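Visitor: Chain residues, written in single-letter form:
2 protein chains.
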Amino acid sequence: MSFLRNLSNPSSFTFLSRFTTSSAPLRYGGLGPTQAHQKPRVVVLGTGWAGCRFMKGLDPRLYDIVCVSPRNHMVFTPLLASTCVGTLEFRSVAEPVARIQPAISKEPASYFFLAKCTAIDAHNHVVQCETVTEGAQAPDPWKFTISYDKLVIALGAQPTTFGIHGVHEHAIFLREVHHAQEIRRKLLMNLMMSEVPGITEEEKKRLLHCVVVGGGPTGVEFSGELSDFIMRDVRQRYAHVKDYIHVTLIEANELLSTFDVRLRQYATKQLTKSGVRLVRGIVKDVQDQKIILNDGSEVPYGLLVWSTGVGPSPIIKSLDLPKSPGGRIGIDEWLRVPSVEDIFSIGDCSGYVESTGKPTLPALAQVAERQGKYLANLLNKIGNANGGRANCAKDADFGDPFVYKHVGSMASVGSYKALVDLRHGKEGKGLSMAGFVSWFIWRSAYLTRVVSWRNRIYVAINWTTTLLFGRDISRI
Amino acid sequence: MSFLRNLSNPSSFTFLSRFTTSSAPLRYGGLGPTQAHQKPRVVVLGTGWAGCRFMKGLDPRLYDIVCVSPRNHMVFTPLLASTCVGTLEFRSVAEPVARIQPAISKEPASYFFLAKCTAIDAHNHVVQCETVTEGAQAPDPWKFTISYDKLVIALGAQPTTFGIHGVHEHAIFLREVHHAQEIRRKLLMNLMMSEVPGITEEEKKRLLHCVVVGGGPTGVEFSGELSDFIMRDVRQRYAHVKDYIHVTLIEANELLSTFDVRLRQYATKQLTKSGVRLVRGIVKDVQDQKIILNDGSEVPYGLLVWSTGVGPSPIIKSLDLPKSPGGRIGIDEWLRVPSVEDIFSIGDCSGYVESTGKPTLPALAQVAERQGKYLANLLNKIGNANGGRANCAKDADFGDPFVYKHVGSMASVGSYKALVDLRHGKEGKGLSMAGFVSWFIWRSAYLTRVVSWRNRIYVAINWTTTLLFGRDISRI
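Residue numbers (my numbering), protein chains in the order written: chain V, 1 to 476; chain F, 1 to 476.
Derived from the structure by calculation, the hints contain no laboratory data.
Mixed in with the good hints there might be a few duds.
As the list makes no split between identical chains, a pair holds if one copy fits it or if it spans any two.
Here are the simulated EDC-like cross-link-like pairs (lysine to aspartate or glutamate), alpha carbons at most 20 Å apart as the crow flies [claimed, not checked]:
| # | residue 1 | residue 2 |
| --- | --- | --- |
| 1 | K269 | E169 |
| 2 | K405 | E369 |
| 3 | K106 | E130 |
| 4 | K373 | D332 |
Computed from a prediction, not measured in an experiment: that's the story for all the values here.
Using the sequences and the hints, build the whole thing.
Guide: Structure (structure tokens):
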């Protein structure tokens with residue numbers, strides 16, 4: 001066991017020594033600085049698109065890889081909306097990190113730790129971590145430290161609420177598998193509760209009113225999935241209440257604002273046809289069973305899903321590192337964090353520092369995936385040039401900077417229809433498509449992006465059985 | 001909406017009247033007695049093997065069916081152990097009630113209510129119910145009543161703990177999908193926790209010690225699945241800690257005591273070979289991280305699964321109905337509850353009253369399934385003879401009494417091996433088999449028992465992908 005070797009090596013006791021003198025149980029262990037006979041260590045914080053794509057590309061013969069995340073799998077976020085209504089199973093959209101980069105579970109000095117990063121000491125090349133536990137009888141978190149040769153911060157972002165009161169308490173986001181599980185459980189619970197004898201008409205309508213706030217791709221796709229579920233499955237399996245269930249999508253500005261205007265019009269028409277009520281409005285307050293809009297109108301709801309984009313999370317704000325305009329971790333064109341050594345940042349948590357003169361890239365899976373791939377190649381190159389160790393890459397040749405090329409945007413709108421926008425950027429020229437062919441492209445594109453063959457097969461099977469037998473409605 | 005029709009019918013206000021006079025919000029609604037122009041109503045309590053098999057067989061042209069259960073699906077309990085380690089997905093072993101008996105979601109006066117029964121008024125032919133809600137923000141339960149023409153009590157049983165202190169707090173049972181989910185989450189959590197730097201050797205061993213109490217088919221099958229998981233998946237994907245994980249099976253008496261002696265020996269040999277430590281012992285006390293045996297020895301554990309059989313649940317004990325020896329609901333040979341009209345009971349919650357001279361049948365899925373089928377035929381026969389309404393079956397011809405024929409017992413022991421005991425009863429003669437062929441029979445038998453084609457396909461696919469890709473280890 002490598003870290004046991006480390007523990008028996010005096011040089012790695014730096015962080016232990018402070019604590020072993022007290023009589024309290026030992027709470028700090030750690031992985032000390034790598035020695036000459038070991039491979040340099042890359043520590044990756046986060047298991048989203050950026051972190052996972054990076055680990056997949058990093059060469060485990062050059063580096064030991066240590067990943068720290070509260071989640072031992074990657075979530076295929078573009079397919080998450082489909083799991084809420086049972087079109088796809090939860091496991092089909094989750095890929096274990098150990099499958100993405102097998103070295104993490106096989107190499108003696110590579111690890112995955114179910115933990116969160118609590119602080120970074122850039123000067124000493126050390127991250128502080130704390131295990132993530134849960135449940136009533138959960139043990140106290142266990143603290144430990146990891147020395148890194150290179151650090152990759154890919155901690156992602158968190159949903160924005162614009163400071164609106166009650167969002168965290170009453171709305172459900174759609175970013176993690178447990179969010180999708182919660183949405184599904186609540187939806188099925190409300191469907192069953194609305195059948196109970198003695199429930200008033202008004203209460204029944206409230207329970208079965210699904211409100212989605214935010215008209216970006218996630219909000220639109222979830223609304224589309226929900227209306228498919230209602231039109232096909234609820235009508236068949238909840239015949240008693242089928243006329244009570246409705247979906248409302250609330251957006252302050254434009255639906256799918258980054259898409260081509262013809263696609264936006266198509267999406268509006270398609271959603272309306274599927275029974276989704278589109279409301280332009282600004283949410284002022286979220287209460288237990290209703291939301292209040294800016295114009296004073298009240299919208300009672302049974303299920304409230306919030307997807308109005310993302311912003312920097314508290315850990316990102318707390319880090320003493322350069323920042324980009326907007327508060328993300330600042331990076332240069334090689335994805336390095338300036339003014340510190342050996343720290344890189346990719347994905348939604350990072351943005352170009354002002355001096356690069358480049359705008360912050362959108363918080364898209366596509367950007368994160370491209371950055372992860374670029375950085376893996378960069379670190380492989382540096383590793384091959386013997387620049388892998390801490391403070392050894394100052395004079396290395398970093399090669400070409402990262403350049404983002406937008407390939408296109410896709411969004412499903414339900415009823416086997418999707419939008420594909422292949423223009424390069426918002427004002428650019430290029431192909432725009434909508435309809436069944438786009439939907440087919442959308443599905444195929446995701447099938448090939450889903451990393452493992454196991455999940456590709458499962459997604460294909462889920463889609464087939466949903467077509468054949470309808471969606472699963474057991475509430476487990 | 002039928003129950004709205006009922007509510008506007010004065011005769012169904014019996015239970016409402018007591019409550020509408022107060023200023024408190026209306027809490028009692030209900031389905032009143034059926035009228036001459038309606039079909040008679042069969043109320044089914046429970047969605048286990050007995051209740052679901054009964055509903056599947058009942059003719060919806062003769063009766064309206066109202067099912068009350070805190071669970072909207074049936075669980076294929078014999079396959080539940082396989083879901084704990086990811087061999088099967090949770091949804092593959094759960095079948096929605098609406099698929100088992102579609103009338104429940106389609107017929108205007110048939111319903112499924114996500115609720116539990118709190119009391120039965122046999123004289124007035126009424127059950128009292130209360131909705132089941134959960135979570136921190138759950139609304140108060142909603143109470144309502146349902147009048148029945150025939151009542152089928154299929155409420156199952158609950159795990160026995162023999163009054164041992166700490167079992168409910170620290171052990172996990174294996175009866176519901178959420179139990180399997182909890183076991184899986186805990187197992188994966190412990191695997192990851194044990195890799196954290198600074199964890200002591202002793203703590204690592206404790207975290208990775210899985211203890212199973214109870215050597216019946218469930219305990220044996222779970223131990224077998226667990227050792228398969230360890231031998232194949234943990235060795236590959238948790239290489240750092242693979243030598244620390246162990247399984248101990250504790251049984252006070254005989255392993256698989258109802259099986260043929262040669263099969264018992266085979267199971268013992270097979271489990272030992274797979275690394276399962278078999279301990280004969282009686283548990284005296286269960287604490288947070290260790291159990292104490294009768295001989296005073298302490299067994300530290302990270303995961304504790306309890307499967308020592310079942311006994312009557314509190315609701316069964318509380319019902320003012322005749323009882324069988326052992327405290328189950330008493331039934332005669334036609335599965336009727338004597339001394340009351342129109343009440344039947346099937347499955348683990350029922351047992352023959354003493355006057356029948358028959359012993360209580362074992363708490364097996366097989367018994368429950370056979371009773372459900374028998375009772376559906378019986379009520380169809382009575383319904384066809386115009387005996388479906390309340391108090392109308394006194395002089396009906398009930399035909400042949402229920403006779404239980406034991407077909408055989410099966411249990412998987414892991415490593416693609418299983419036991420099949422085809423003797424008729426414990427002392428009987430008949431075929432006993434063990435090994436790969438038995439395993440193949442075991443799997444095929446379950447594949448054909450899994451009710452819907454959707455789930456048959458999913459189980460087959462789960463098994464195939466597990467063989468090809470190993471088990472899924474994402475902790476969602």
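Visitor: Evaluate each hint against the coordinates.
Guide: Going down the list of hints, with the structure as the test:
no., hint, verdict
1, K269 - E169, "neither (33 Å within a copy, 54 Å between copies)"
2, K405 - E369, "within (12 Å within a copy, 61 Å between copies)"
3, K106 - E130, "neither (23 Å within a copy, 52 Å between copies)"
4, K373 - D332, "within (16 Å within a copy, 71 Å between copies)"
Against the hints set out earlier in the document, violations occur for numbers 1, 3.
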